[in-house]
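Here is how the chains run, residue by residue.
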Amino acid sequence: MGGSGHDTPAVPAWLLRAIIIGWSSFAVAAVATMLFFATFDPVVLAQAATFPFELTRFAGYTLGFFMLWALTAGASVISMFLLRSLELHPRRQR
Amino acid sequence: MKRFGFLTRLFQKDDSGDSMYVAREKVYPREIKGRFQSLRKLAVFALLGLYYILPWINWDGRQAVLFDLPERKFHIFGLVFWPQDFFFLALLLILAALLLFFVTALAGRLWCGYACPQTVWTEVFIWMEELAEGNRNKRIKLDKGPWTREKFLRKLAKHSMWIVFALWTGFTFVGYFTPVDELAAKIVNFDTGPWETFWILFYSFATWGNAGFLREQVCIYMCPYARFQSAMFDKDTLIIAYDEDRGEPRGGRKRGIDPQEVGLGDCIDCNMCVQVCPTGIDIREGLQYECIACAACIDACDSVMDKMEYPRGLIRYSTQHAMDHKTTHVLRTRTIVYAVLLSLLAAAWVTGIALRKPADLDILRDRNALYRVVDDTVENVYTLKVMNKDTKPHNYTFEVRGIDGARVETDTDTVHVPGGEVMPVAVRIQVERNSLRGGGHDIEFVMISDQGTTIIEPSRFFMPVE
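Protein sequences appear in the order of chains A and B. In terms of the numbering used here, the first sequence opens at residue 1 and continues consecutively. In terms of the numbering used here, the second sequence opens at residue 1001 and continues consecutively.
Keep in mind that the hints were calculated from the coordinates and are not lab data. Accuracy of the hints is not assured; some may be wrong.
Covered stretches of chain A, as calculated for chain B (at least 3 residues, CB under 8 Å) [said to hold, decoys possible]:
| id | region |
| --- | --- |
| 1 | 44 to 56 |
| 2 | 65 to 78 |
Facing chain B, from chain A, some residues (calculated, C-beta under 8 Å) [unchecked claim]:
| id | residue |
| --- | --- |
| 3 | L16 |
| 4 | A38 |
| 5 | D41 |
Derived, one-sided and incomplete: chain B residues facing chain A with beta-carbon distance under 8 Å [to be verified]:
| id | residue |
| --- | --- |
| 6 | F1067 |
| 7 | P1070 |
| 8 | R1072 |
| 9 | W1195 |
| 10 | M1222 |
Even for Gly, the Cβ is constructed at its ideal location relative to N, Cα and C.
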């Protein structure tokens, strides 16, 4: 690494993993949100829900985005857990 | 806690010692002047100027660029895009990706160096950092030094500037999705809605974090393009390269000495190219994936070469072939294929938009009854959703095809729909009971606008089965 700057604390590996998971799932959720809400109007969806409720479109988009983000991030975390626990397994280690 | 062992294992530190992530040394890029840095500065002003000013421009009495999410309509100057037009947005994104591939094959990471929001905003944040904390050496000293009154004030000044700029960025971002003048008025009166407030803060925080702190780490650890762009590179792609043949062996020397006499190359090993690098690499070690092709090292090296009275271009834009003393081919299979695909898709996109119908029709059948019998007439009831995609109001009339002698009844002879609105219209179709067999029949609704545009939409008509 270049520069004669001083050392700042390294970004811990777990934080980097969290950032990478958070960011990649964010990007996928953003695309999914666009596709989903281009097809469905959140106001109509809320009215047609099992428990109908009132909500504004802005609120609908926001909630929808965060639900999708939670889903994509959840899938990423599980994938990473499965891969990492396999790698960390004693018998699998080289 | 054992139950949650998997959680701790998931996020525990790598103690294997071969962690993917090197301990990060903070990069203090040195500001440099030169041809390419002027070009980058120009790009920063042009792109950020566009970003901050665009929401304030009006067109036909309406915000020129407004992705009106609450109304589910995108306005781009004279064009209105509806959710039905999502296809065009998808195609536009594909076009943009293809353009990026094309430019990458041709000219390397131009996008990263000159146009990527991450680079552009980081650049502005570094300017503010310089303004508050001084040049590179002063910043290093300040960070190493103890917390004094001056350090506190300088850091405070920097963060105040960062936060104000980030908030303005977040506000502008939301201004693309909800009318910006209304939003500004709401902010002045502390009257923004919860979701608007949330998104302004969210985007401001992202700007502040990415441009202020993460900087080159976004490119190195988070950016997918940085990882796969090498797949589009070949030996004819424009890269930033250090001329090893000319530069080596490097070493310090006095000015005015002929390097060849003392057995040296042209590189005086001043380390300027390393100090100016925003990602903290040494270009003399060859092309690295961290390199965002900002050309700061070219400008730095050129200025040193000028001082030494050596010819410029020890570090320069070049290609692998040129470095190997071979010819560079701009036209090659890769670039031609990208160019052809790009032009075809662009042509399809423009034609598609030009040929868009200025109106649309959705048909909903009455859900309660298939048909109604009144005396000797059978009636089916429909709700027609008439969508006027034009910006001006229009009148529409309706006809039905498929059944001879079918009558179309609407409450008014013509239906008036204001520009950019959807109007539900109740339509009754009446057929003589004896004229048609029982069961379902295919019909077509024809909607004719006052401009002569016709929209045809199929549906079904039901007769009682005897």
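For each hint, the structure was consulted:
1. 44 to 56: violated (count 1)
2. 65 to 78: violated (count 1)
3. L16: 5 Å, holds
4. A38: Where the cut-off is 8 Å and the nearest Cβ of chain B is about 4 Å from A38/A, the hint holds.
5. D41: This hint holds: D41/A lies near chain B, its Cβ roughly 7 Å from the closest one there, short of 8 Å.
6. F1067: At 10 Å from the nearest chain A Cβ, F1067/B fails the 8 Å test, so the hint is violated.
7. P1070: The hint holds - P1070/B has a Cβ within 8 Å of chain A, the shortest such distance being about 5 Å.
8. R1072: 7 Å, holds
9. W1195: Since the shortest Cβ distance to chain A is 4 Å, the answer is holds.
10. M1222: 5 Å, holds
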